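Engineer: Sequence:
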Amino acid sequence: ITPVMLPDVIEWCRDRNIVCVPGCQTPTELVSAYRHGAPLQKLFPGVTGGPMWVKAVSSALPFLSINPTSGVDLDNAGEFLKNGAASVGLVAPLFDQAAIARGDFDVIAQNAEKVMANVREAGPYQRKK
1 ITPVMLPDVI EWCRDRNIVC VPGCQTPTEL VSAYRHGAPL QKLFPGVTGG
51 PMWVKAVSSA LPFLSINPTS GVDLDNAGEF LKNGAASVGL VAPLFDQAAI
101 ARGDFDVIAQ NAEKVMANVR EAGPYQRKK
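Those letters in the sequence shown? Residues 1 to 129, per my numbering, in order.
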């Protein structure tokens, strides 16, 4: 998983059967990553366009498997999925650092329950044809 789209890295990984998930910001970068062999394309940062951007791009380019990150949170993960994201990535919103420092892992469990409720509400992933 990288923050940028580097064709040489994607190809190196592809040639060794290693999954590479490159960071992309534009439709051109997403398509380039796909064409170089990235099975999943990370939209980074996801906050830039939001769920409607994902909807527009995934509708026009249904062969992509877009994975928004950095901008996905407990409340909007389901919206990204409803609008065409193949998956989402979130770490910071889920793992509250203050709660970890206190040893309050119930907060993390509650965060996980909340994000999973939003993901379930999005329903099963439907691959576009």
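Everything labelled a hint here was simulated from the structure, so no lab data went into it. Note that the coordinates shown come from a computational prediction; the quantities given were computed from them, not determined experimentally. Each residue gets a CB set at the ideal place from its N, CA and C atoms; glycine is no exception. Among the clues, some could well be false.
[Claimed, not checked] Label pairs and their calculated CB-CB ranges: (1) Pro3 with Ala56: 38 to 46 Å; (2) Gly103 with Gly37: 24 to 32 Å; (3) Pro39 with Met116: 20 to 28 Å; (4) Gln126 with Ile1: 33 to 41 Å; (5) Ala60 with Gly103: 45 to 53 Å; (6) Arg102 with Asp75: 30 to 38 Å.
Engineer: Tell me if the beta carbons of Ala60 and Gly103 are separated by a distance inside 45 to 53 Å.
Structural biologist: For Gly103 against Ala60, whose Cβ atoms are near 47 Å apart, the range 45 to 53 Å holds.
Engineer: Should the hint that Gly103 and Gly37 are 24 to 32 Å apart at their CB atoms be regarded as holding?
Structural biologist: At roughly 43 Å between Cβ atoms, Gly37 and Gly103 fall outside 24 to 32 Å, so the hint is violated.
Engineer: Determine whether the Cβ-Cβ distance between Pro39 and Met116 falls within the hinted range of 20 to 28 Å.
Structural biologist: 24 Å Cβ-Cβ, so the 20 to 28 Å window holds.
Engineer: Per the hint of 38 to 46 Å, is the separation of the Cβ atoms of Pro3 and Ala56 within bounds?
Structural biologist: violated (23 Å)
Engineer: Quick check on a hinted range of 30 to 38 Å for Arg102 and Asp75, using CB atoms only.
Structural biologist: Between Arg102 and Asp75, where Cβ atoms are some 23 Å apart, the hint is violated.
Engineer: Assuming the hint says 33 to 41 Å, is it satisfied by the Cβ distance from Gln126 to Ile1 or not?
Structural biologist: At 25 Å between Cβs, range violated.
Hint compliance for this structure: hints 1, 2, 4 and 6 are not met, and every other hint is.
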